[in-house]
Structures are given as structure tokens and as C-alpha cells.
Amino acid sequence: MNKFTKKTNPSEDGAETGRKQTPWVAGLIFKMALIMSIIFAAFCARLHLNDKTEQLAREASEIRKQIEEKQKEIKMKEFELAQLKSRDNINAKIREHNLALRAVNPSQVRHMKRFEGQVSTPSLYGGDTRVADTSANAMKTSAGGI
Amino acid sequence: MTLFRSMAIRMALVYILLICGFCYVSSVLYAVQIKRHDELFGKAQNTYTTRIETHGTRGEIFDFGGSLLVGNIPTMDIIGDPANIYILNKKDKDRTETECRMIADFFEKECENVKSDEIFRRLSRRSFTTKDKDGNEIEQDCHYAVIATGVDYQTAKRLKERVKELSFHGISFTGSYRRKYPKDTMLANILGLANFSADKFIPVQGIERSLNDAMTATSGSMVFERARNGRHVTFANSRNEPTLDGYDIFLTIREPLQAIVEEELDLMCERVKPHAAWAILVDPETGDVLAAAQRPTFNPNDRNTMTQESSTNRLSELALEPGSIMKPFVISYALDKGFVTPGTMVDCEQGVWKYAGRLLHDTHNVGKVPVTEVIKQSSNIGTAKVSVMMGAKNLDAALRSFGFGQKTGIQLKPETSGIFRPLEKWDSLSVSRFCIGQGIAVSPLQLARAYCMIANGGYKVDLRIVDRIERGDDVRVMPVVREKKSIFANPTTKKMITDMMIGVTEAGGTCTEAAIEGFHVAGKTGTAQKVINGAYSNRYYASFVGFVPAEKPKFVLLVTCDDPTVGSRYGGSASGPTFKAIAERALKYMYVQPQMSREEWLAERSAAQKALHERKVREDALVQARREARDRQLKEQQAKQTSKKNGTTVASRPSSGSKSSTVRR
Numbered sequence: 001m002n003k004f005t006k007k008t009n010p011s012e013d014g015a016e017t018g019r020k021q022t023p024w025v026a027g028l029i030f031k032m033a034l035i036m037s038i039i040f041a042a043f044c045a046r047l048h049l050n051d052k053t054e055q056l057a058r059e060a061s062e063i064r065k066q067i068e069e070k071q072k073e074i075k076m077k078e079f080e081l082a083q084l085k086s087r088d089n090i091n092a093k094i095r096e097h098n099l100a101l102r103a104v105n106p107s108q109v110r111h112m113k114r115f116e117g118q119v120s121t122p123s124l125y126g127g128d129t130r131v132a133d134t135s136a137n138a139m140k141t142s143a144g145g146i
Numbered sequence: 147m148t149l150f151r152s153m154a155i156r157m158a159l160v161y162i163l164l165i166c167g168f169c170y171v172s173s174v175l176y177a178v179q180i181k182r183h184d185e186l187f188g189k190a191q192n193t194y195t196t197r198i199e200t201h202g203t204r205g206e207i208f209d210f211g212g213s214l215l216v217g218n219i220p221t222m223d224i225i226g227d228p229a230n231i232y233i234l235n236k237k238d239k240d241r242t243e244t245e246c247r248m249i250a251d252f253f254e255k256e257c258e259n260v261k262s263d264e265i266f267r268r269l270s271r272r273s274f275t276t277k278d279k280d281g282n283e284i285e286q287d288c289h290y291a292v293i294a295t296g297v298d299y300q301t302a303k304r305l306k307e308r309v310k311e312l313s314f315h316g317i318s319f320t321g322s323y324r325r326k327y328p329k330d331t332m333l334a335n336i337l338g339l340a341n342f343s344a345d346k347f348i349p350v351q352g353i354e355r356s357l358n359d360a361m362t363a364t365s366g367s368m369v370f371e372r373a374r375n376g377r378h379v380t381f382a383n384s385r386n387e388p389t390l391d392g393y394d395i396f397l398t399i400r401e402p403l404q405a406i407v408e409e410e411l412d413l414m415c416e417r418v419k420p421h422a423a424w425a426i427l428v429d430p431e432t433g434d435v436l437a438a439a440q441r442p443t444f445n446p447n448d449r450n451t452m453t454q455e456s457s458t459n460r461l462s463e464l465a466l467e468p469g470s471i472m473k474p475f476v477i478s479y480a481l482d483k484g485f486v487t488p489g490t491m492v493d494c495e496q497g498v499w500k501y502a503g504r505l506l507h508d509t510h511n512v513g514k515v516p517v518t519e520v521i522k523q524s525s526n527i528g529t530a531k532v533s534v535m536m537g538a539k540n541l542d543a544a545l546r547s548f549g550f551g552q553k554t555g556i557q558l559k560p561e562t563s564g565i566f567r568p569l570e571k572w573d574s575l576s577v578s579r580f581c582i583g584q585g586i587a588v589s590p591l592q593l594a595r596a597y598c599m600i601a602n603g604g605y606k607v608d609l610r611i612v613d614r615i616e617r618g619d620d621v622r623v624m625p626v627v628r629e630k631k632s633i634f635a636n637p638t639t640k641k642m643i644t645d646m647m648i649g650v651t652e653a654g655g656t657c658t659e660a661a662i663e664g665f666h667v668a669g670k671t672g673t674a675q676k677v678i679n680g681a682y683s684n685r686y687y688a689s690f691v692g693f694v695p696a697e698k699p700k701f702v703l704l705v706t707c708d709d710p711t712v713g714s715r716y717g718g719s720a721s722g723p724t725f726k727a728i729a730e731r732a733l734k735y736m737y738v739q740p741q742m743s744r745e746e747w748l749a750e751r752s753a754a755q756k757a758l759h760e761r762k763v764r765e766d767a768l769v770q771a772r773r774e775a776r777d778r779q780l781k782e783q784q785a786k787q788t789s790k791k792n793g794t795t796v797a798s799r800p801s802s803g804s805k806s807s808t809v810r811r
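Protein chains in written order, with my numbering: chain A, 1 to 146; chain L, 147 to 811.
Only chain L is shown next, with the shape it has when bound in the complex (with noise of 0.2 Å):
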């Protein structure tokens, strides 16, 4: 054999060698690549892909200026790892509890609400027993345990400082959020609050559980490739998920209007002393709550303060009897529809009225009076013979237009619609009761709507109490919703009603407390007996509801006292000089211009007395005149049955006048 051909078939070996190692390798890598390729690349971004949950912030709730009412402040929460905790670089077991005991002390100096002996229990548990798949106990162990939540995000980072100088390992920080209300107590009952538990904000009541949708973030993703160190490569696949921040709510209440209210809230409960309070101010034209506050009321900031009373939203949950406030509806209805004029006699029975085999009492006797006084001395008896003149048709229709048994439309839930019985559910005596506020219950927003209906001229309005949502860009106004057709077909019937109402406030009227220097102040007042346990009972909601100025209102205004203990219990007494107090402030925030100088008021109250002291003359004549013609009637029937007695007969004199108890149109 020659060398050529030695070295030609050692080649030969060698290339069938390389080959078959080659057809190897590629059947190898035909294998792995192409045959298992999905298995193993899904093997490997299990590995190598990280998922992360991203969360937007819950929207805040701000007033219609902007003020921060409800806020999102970020916090810090403090994690333990107890497998691998340990101060320094040991990590012997014996030291580690000593350790914990130091990090617990440490812990419980520099925070509030942490017990050292719960925290060092936590960090002390470095594993625990479960059952696997099979149902087998194993043993793991523990990463986590809560050291300390919701802690202030300056403290967290002083603390994380502390945390790295002592050496302390095992310990992380986590950024979370937590709900906080910068304006404690203020319209507190009307935004509610939130709970933030398990990473989410559970909402309890107000504003931020009506409007929770709104405000809820959506939550996204990212999902990336990382390298064996974890960090994210930039230059592989990844996916993002955008979230989205919640709206922020701006609401139509105005922090100094709201201020104003509230303070003189607080003023009216130490005078008074109710057992409870409220006041809204809304604009007649658009509905928008300005400002509301009830009292009693709490600190969301502070959970201690809540109780079942402080933290229950009257104005739209509580259906009470209104008492006379409820008149001038039926009034103004009567009026618009011709049933009576402003100068229509009505006779008030001296305030004792026999209907319906019931007796109904006014608080002070009145006699015969135009419809005007009716309203300005508050005559229940008068009001009924107005309501019994209409009819319970007619009567339903009214309070209906108004309203009355249908909710307002405000965003606060729950509302309650008021109990107001369907016409075919009447008794007899429902047509005389219903008109003076009795036996039908209305909330607070339901009366505040029905006097912004008489105080814009008869156009239905819900009520608004948020103006828009707003996320960067997207911004949503909230509709003002109004009728187009007034109520009052009559053009004159708001004038009418306004200025009886005017007389409320004028000398002569149940509210003098309330009037204003240099405005006409349309009001009326209501004491409405309060029902306890299916009676009436001596207890009272005092209120005064009005509108200023009168003729054009820039606010209606309603405050009410539940059951005021101290002093007067009536509604001109002990909430009109609130109402005066609010309104004066009001009306000098806005810069309303006063309608008339001082002394035209002075002038205008001063004929207003002058006419009253005129008119009870003049009654006082009259009543003097029909006792003394009584009074010789009575002696000449005595006459006449002693003459009898002695057999004599004398001439009769005719009566020089009679009783009747009609209304004339």
C-alpha cells in the first residue's frame, strides 16, 4: 500500500467521521429545535419572562374650585422576611431570635399602633406546613410577614435609612396609598369613605361608593424578558399593559360656602342643642348642592368617630313629616290654577276646625284672612280649607309636580324617594293633613328641589352635587338636567307666592329672625311634630327653608333643627336666625349687591309694622263689636225666659250679626 493511498483512506475515515458527527449534531439540534420547540421555548419564558401587575391610583375628589376634599397620600408598608432575617452577616439560628427581638423593639419605638411581642411572633415563624398536590405535608418557608401597613411616607423613608445604618436584613418597603380627608370633619357624611384592604379600596358609603366605577383604576401589566440577575432586557420582547388612573371627581360644592355652613351649623347646635342638624344650600337655577352639613358628623381620618349616628347621610336617606313648609306648594298650585287669589277670605275657625270627625288646631287663633295671611301666620286650618276647596286629586297633582315621591336625581345613593301614599290609598282625612306636612315624609334634597322649582318660576331641576369627572384630558360635565315647561301655567303665580312669602319675614309674619338688612327674604317656617313609635310626639323638627333675594334668588336655603333642646322648639326661632346668619355670609361671598339702601328697608319694615299694628286694631274692634252684640243677645234671650217664668211676653231685637265658616272665590 502506498502513502498516497494510506493518507487517502485515513481522510476517507476521517470524512465519514465528521459527517456522521455532523448528521449527529444536526439531528440533535433537529430534535431540540424544530421537534421540542415549543416545549422547551415555553420551558425557557416561564424562566426568563417576568409578569408584573401595575395598579393606577384611585381619583380623588376635589371641590368645584379644585380644593382637595378626598386624596390619595402615599405610604409605605414594612415587610419581614423571617426565613432570612438577620442583623450584620451571620446567619446563625440562635442570633437570628435575638435579632428579631431587636428588630420588633426597634420597630415598635419607631411606629405607631405595632406591639414589639406581635411583631418578633411574626418574624419568629420562619416556616410553616402545608399539604402538596398529593396531600402531603411539607414544610416551607415563610417570606412574609406584616410588620407594619399604611406608615407615613416621610417616617418610611427616614426609617428605611435607619433600617440600612443598623444592618438590619430581611426587612423591604413596599410604596402603597391610602385614603386621607385633608378637611377632617368637613362635608364629611356626604363623601363617605373608603377601606383599603388586600391592595384595594373597598368603598362604605357617600360619594365614594356612588361614584366608585368612576373612580376605580384599571389595572395593566408588563410582561417582559429579564436576564439571570432579574433586571429587564431592554432589547427583547415585552408587553405592555397601560393602566389607567381613575377619574377625579369635582363635586359643585364650594369650600367657602360649605365653611360658612358648617361653622354656622356648629353655632345653631351649641345654642339649641338638637339632637340633630342639618342645612343645604343649592342654586334654584341649575340644582347644584353649594354646600350641605349635618351635624352630628365624624372624622373619616379617625375611625373611633364613626357611629351609626354621626356617619348617617340625612339629607338623602331620611324621610321625615316637613310640617308647614309644605304650604306654599299647595298654595302656589291653588293659585296657579284659579282655585284662590292672593285676597281670597279664608276663615280659620280662631284655630279650632272640626273635618273629617278630627279636630285640627293653628298655634295661634286666626280669623277670617286673604290667602296672603294664610301663609304668613302659618294657618293649618286655612291651608286645609284651600286643600279641601282643591280636592285630593288636585292636592296629589300638586305635590307631585313638585316632586314630592320621586328622587331628586343627585348622585348619592341610597336616596330615598319619601313616603307618599298613591291617591287610591287616601283616607278622608289625608286631603286636610297632607297639604300642612303630616302624613306624608319627604328628605331634605326633596323639600330643598321643590323651593328651587317655586324659586326659578315652576321648572323642575335635579339636583347636582357632581359637576364634572375629569382624567388628564378627558374631561366629563355632568348635565344639568331641567324641565323646559314651568309648572305654573299662570306667569303671575311666582310673584304671588314669593311675596306672601316675603311676609313670613316681615313684621306680622312667623320669621322675623330671618330677615335680611337691604334684601327681600321669600321664606317659610315648619314645626313638624316628630313620630315616635307610630305617635306623634312633643318633639319637633324646627326648620326655616327660604330663597334671597326674592326675586331673582341666588340660593335656597334650608336649615333644620331635630329636636332642639334649648329654648324655642319652632322653626322661625330656632333655625330662622341661622338661616339669617348663612345667608347674610352668602349672600356677601358672592358680592350680591343688597336690593335696597338701609333705609328704604327700615322704611318698607316700618309701614310693614305700621300696617299690622293697623289691622290687629281694626280686628281687635271687630271681635271687641261681635262680643258686645253677643253679649246682648245672650242678655236678651235671659230676658226673655224670665218674662216667660212671670207669664210676660217682650219684643224681640234682631241679632246684629252671625257666625258663618265659608270661603269665598
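Same shape as in the complex, but just chain A (with noise of 0.2 Å):
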């Protein structure tokens, strides 16, 4: 032992007063390391929450361009069918086919008219001859055909 040091007997004063100490440090470090802990959970889970919120939203941004893709093939498709449906295309097949197509007769048309359980068919020279609707699906069309 030297002047810097000092032994005491820890049997006396330190002992008891380290046991007087010791309950409330060490219930406050248990408390500060439980509240850390607990904002490190939910920093965490944030982080997590995060992360799948990115993956996502990198799926989703995929699942995006893939349907863009696909919107712009529609697109196409239907360009090309407004193609195929112009007079000059379909001509041009009537002539390759060589295809006896003729211009529908309208007498080979009629059109048809409920009247409350009966069915009016026009004349073709004039005036109705209504029968009996014996079908329960008779279509009412317009006049004109347009």
C-alpha cells in the first residue's frame, strides 16, 4: 500500500454502500436496456416493413412494364386489324380468292316488331301481317339496319 491507495475494508462502508447502490443502477439499466431494446424492435421491424415495401414495390413496378408491354401489343394487334378490315385489303382478298360475293337482296331481310305477345313482320309492299310471338326471345330491331 502507498499514499494513493487506501485500503479499506470493503466489509465496512464500501460493501454496504455498494449494496445500497446496486438496486437502483441496475434497475435503471435493466429499464434503459428494455426501452432500447424495444425502439431497436421497431426500428427493425420498420426497416423489414421497409425492405418488402421496396420488393414490392419493384414487383409491382415490373408487373407495370409488363403490362405497358402488353398494352402496346394490343395496340399493334389492333392497328392491324383496322388494317385487314379496309376496303382495299378486303378487295384485294375477294380478288385473290376469286370469291362470288354479292350484295345481300333486301327482300331477304325482315324486321320484326313486338306488339305485347305479338309479332309484326312488315309486308313488303306495304303494311304489317302480324302473327302470334311464339318465341320468347324475338328480337326487336330498328328500321335501317345501321
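The set of hints was computed from the structure by calculation and includes no laboratory data. For clarity, every value in this text was computed on a predicted model and none was experimentally measured. Hints may be right or wrong, so weigh each one.
Some, not all, of what chain L presents toward chain A, calculated at C-beta under 10 Å [said to hold, decoys possible]:
id, residue
1, Leu-215
2, Ile-219
3, Pro-220
4, Gly-321
5, Tyr-735
Cβ atoms here follow ideal geometry from the backbone N, Cα and C, with glycine treated the same way.
Two chains, two separate frames, one set of hints: put the complex together.
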């Protein structure tokens, strides 16, 4: 022992003092540790959620790109369909395959009107001919055909 | 000093140091987080916030049934980054020039309208000189060089794969759209076209231009925070201003009817080889333009076919003197107001009549005929006499009531309102000329609209070419604008004028070529001299306009040839057959039942032929009798003169007839 150290009897003041000090420090440390752990867990959970969100956003972005691709392809197909339906194309096909097509004769077409359980078919040369409507699915069409 | 005391001092020093440190950190925190918060937050935002402009797509154009007429086709632009062009993993400058050449050659082979030398020149330009804000010249890297634009989407996808395989670096593909017209020349003059420049569509003419505001998409933006790798940070703040696509336009045009009109117009052009031609098919009840075709025309997908002649929209922009097709308007007004009846006799002066010091001619000599025959035989003199009887004020009222001098309300720009002088500027000749379609200029649309008014019983109706516009669930239908009151005060006027016009396509009329089996066709021919360099020429507008079935019309059809050069120049011969062909096919398409059987139709026509023959016989007999009477009179006069010379007198016989040229009410 020298003047810088002083041995005291730990069994006298220090031990008792230490014992008196230890309960509240330990408690404080434990509480702080608990709080820090909870905060840390919250951070981790949030980071995990963010990571998941990011992953889903990436997948959504990929799917969005695929949808855009598909929409572009649909647009191309619609355009192709419009080209195929054009008169120049249809006429060319008729000539190519030598199809014997002709316009429909109006006498082949009848328009039907429903009159409360009866069906009226216009006569070719004016007037109506009414017959009982035996069909439950008789169509009601407007004159003109357009 | 005891140990405890020295420890205490040390601890106090540590505490003081910690407190000082804590204070220092707090002050720095305060300075950064509180005092400079706005400045630093702004800097951080600028660094890590990205704003992307988003663009909607331009509206497309469809026919009434939803068939695509004008669409947006996805394409890709190929862009090079000259500062970063390299192949494989080497970035050596000398090698880069070789690689630029390889890339340029590759794209010349794969893309249309791309020249290797030009691409090489663009890719070789790695930097450019510019001035900073102080005016000093600085050199900056060039990161943008256009290689090809508007490349077909499928082709661009394939090229993208190839570029990846070949390890070309510094080449990027950006999506874009181009305007495409899948029907080529169909309806081209009406649809117009739009150019794509600097990421914007610039409308040039037609529907593309007149409905540009509705079709233009609104831009939006996405503002978001990004990570260091540029990725969008989802959980951070973001703001999204949505884009709105442009409205899709649905026209009143029916594609099948349009195809019919275009085909028959082509056949007419082959037959009579006119300078130009047009046809328009309109629903008289609603004013819907069901079809409208013109020649010459152009292909909007191929700008080489666009010339001034081929791209003009003659239907709305051209004002022409219509000729005889104006006559029914004057006669119908005269009938309605009671100036004449169908049986009122009009002396057509055998084809030559002097009025206000100028001669007026008919194409063939017509004598005294009822008003019905004036229309049927298209007598200029007969119409002029009726008009003179009505007076200038009534004629002006008549023509204006049919919409001449006004626009038709159609959604096409530009549209001419024609040339129709106000009443105070008329001269003495105007009353006899305007009624026969001279001295007044009208557009084909105005003529079509006026005939719709005759066909629907006198109700003024605005023409429509746009039926509705749609954007998702937002559908807006263009209203049918139709007057509630007819211009015909007399309910029988429509029947009277229609019966007269039916006579045009019957025996003795000016256009039997337009007759359609099983139907009554009401029509009028017109052969109008073209005004060239301020004077009437020997070139003509040959027109036929009509509606069928006459009693309850499904459509009004106007067909006009501008200067037919082969065959007859008359409206009935040049345009009549085309009218018949279009009308027949249109009636079949619309499933319109014939009004009568073939036998009944033939019987009607032969009865009309017989009546015509009998009338001709009577007229010939009358002419013969007059000629004989005139000869007799002449002989008597000669005998008188001879006897005077010889000194004897001869009793004179009263003359058997006298000429008179009065119009009786």
C-alpha cells in the first residue's frame, strides 16, 4: 500500500454502500436496456417493412412494365385489325381468292316488331302482318340496319 | 490530497468535458437542424428528389361503329450517347471511332431511311462548346445523338436484343408514339393529319385540327424521392399529378357506306376522267354525314402523296356556282308561298329569252309548260320567270331560308359560307341568275344541307360529322341541331316539290340514268359553267343530287364531277350513273325494302313513257299547226303586197293564232 491507495475494509463502508447503490443502478440499467431493445426492435421492424415495401414496389414496377408492353402489343393488334378490315385489303382478298360475293337482297331480310305478345313483320309492299309471338326471345330491331 | 478527492476532481473534469462536448454538439445540431434547416433540406430535396413529366396519349378517331380510322402506334426512338459509346468493355478513344462506324453500319442495315455516314458523324461528336453564365466558353460532353426515330415497335424490340447481344454500349431505346392511318386514303381529306415533333403532335388539317383541343392529352408529373441508385423510395414522400388521355372521337361516318362511296367514285373517275370529284351521303333527319369522299386524295401515311390539289377538303372549303341544282329551292318556295302551283303554265320562250338586256338560254327548246315540267326538263327560262315573278326580296328570303350564305354547323375547319351577295348589292340581272345557280357560290356541304331540308319536310338541320367523344366513362354526345319549325308553311309543299323531282328520273326527265328499280328517286341534275379567270369557261361542274326513297328518304346523296373530260359533260350523264350505283348499294346495305315490285315499277315507267310520247305528239301537232298558220299569214302578206303594186286590193283573213309570253297564276 502507498499514499495513492487506501485499503479500506470492504466489509465496512464500501460493501454496504455498494449494496445500497447496486439495486437502483441495476434497475435503471435494466429499464434503459429494455427501452432501447424495444426501440431497436421497432426500428428493425420498420426497416423490414420498408424492405418488403421496396420489394413489392419493384415487383409492381415490373408488372406495370409488363402491362405496358402488353398494352402496346394490343394497340399493334388493333391497328392490324383495322388494316385488315380496310376496303383495299378486303377487295384484294376477294380478287385473290376469286370469291363470288354479292350484296344481300333486301327481300331476304325482315324486320320484326313486338306488339304485346304478337310479332309484326312488315310486308314487302307495305302494311304489317301480325302473328302470335311464340318465341320468348323474339328480337326487337330498329328499321334501317345501321 | 486523498485518493477520493483526486478521483472526484477527475470525475468533475470528465463531467465538465462531457457537458462541454454535449453543449458543442447541441449547438452544431441547432445550427444545422434548426437555423439552416430550410437551406439544407432544400439542397437534399434537390439532390434526392426527381420529377418526371408524364404524357397521356392523343385521342384516336373511329367511325360510328367503332372501327379505327386514326390511331396511335407505339414506336421507339433510338438514341446514342456519344460520350459513352463503346463496345464490349473497352473505352479507348481510338477504338471508339471504329466502334462508332460499326454501330452506324449496323443501324443503316437494320433501319429504314438511316444513313451510316450521318449516324457516324453524330456519334463521333463526343463534346461540344458552350458558354457558361459568365460568357466563358466551356466544353461539355455530348450525351444525346438521334440515330432513328419512329421505329416500328416490333423492329425496335428485336434491335434492342441485337444491340445487347453485340454488346453495343451507349445506345438507348425510348418509347414514343406515331399517328397512323390504317385505312390509307379512306376519308383522308376529312380526317386530315397530325405531325409529331418535339414530343408533341402538331395538327395540320381536318378533324385532327378542328378537334385538336379535345384529342390533346394533358400532361402530369410524378415527384418522388429516390435512393442513391436512382430507385424510387416507396415509403418516402411522393406526389402524383395524373395524366389524362385525350378524348376519342367517334364520327357519324359508317365505314361500309364510306367504302361504297369511295369505290364508286373511283369507277366514275376512271369513266369520265374529271379534274376532281366528290360525293357526300347525309341523313336528312339528323344531318349525320354518313359518308364523304373526294378525288384526288392522298395517303396520310405517305407524305409524298400530299399536294395542294390532293389535300384540299373541297367539301367544306370550295365555293362553286352550282347551276341547275339550285332550281328546286326557288320553285319550292314559290309553291309554298302560293306564287305558283304545279300546274301553272310558264312560257319558256323556246329556249331563248331576253331579260334586263341579256339573253338567257335553255339547253333545249321548251315551250309553254307547267311548273312541274320546268323542274323535270330543267328550264333556266322557266325558273327565271318564276323568280322574277316572286321578286328579288322573296328570292333572297328563299335562298337564305335554305341556309345559303351561312355555315352548316359541321365540325370541320375551315368551312366557307359561300359567296351570296346581300340584297342591296344585287343588280338587275341577279334575280334571273341566282335562281339558276349563277352568280352565287355555295359549298357542297351547303347544297347537301339544303336538300336535307327538302327531304325532311323543310326543317333546317345542322350537319354533323362528329357523333360523340369518349374518354373512359366520360361520354359526350354531340347534339342534333334541328329547327322545331319547318320553313314550309304549306304542309303539301314537300310532296309537290318531291313529285316534281321524281319526274327528273322518269321518262322525259334530265336523268333517267339515276332511276333505281323498285324506288321513287327524287333528284336534280346540274351542269354549271366554271368561272376561270373571272369569266365563264366551257368547263363544267356536272352534278346530280337526290334522295331516296322519295317519300321517306333514308339519305340525301350529292355527286359532282369537276370538269369531266371523257364522254358527256352533263350532270345526268356524268354523275347520274354513279348516283344510282351508290344509292343502290347503300339501300341494300341499309336493308331498305323496295317500295314496289319490279312489275309495278316497270308499269309506272312505261305509263310515264306513254304519257310523254302522247304529249310530244300533241306538242308536235301544235307546232305544226302554228307553222302552217304562220306560212299562211306570210303568203297572204305577200299576196297583198303584190296586188298593191298591181293596184288591186285583196280582203285579208284574220290570223288564227298569236304569240303571247305571259305567265299565268
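Verification of the supplied hints:
| no. | hint | verdict |
| --- | --- | --- |
| 1 | Leu-215 | 8 Å, holds |
| 2 | Ile-219 | 6 Å, holds |
| 3 | Pro-220 | 4 Å, holds |
| 4 | Gly-321 | 8 Å, holds |
| 5 | Tyr-735 | 7 Å, holds |
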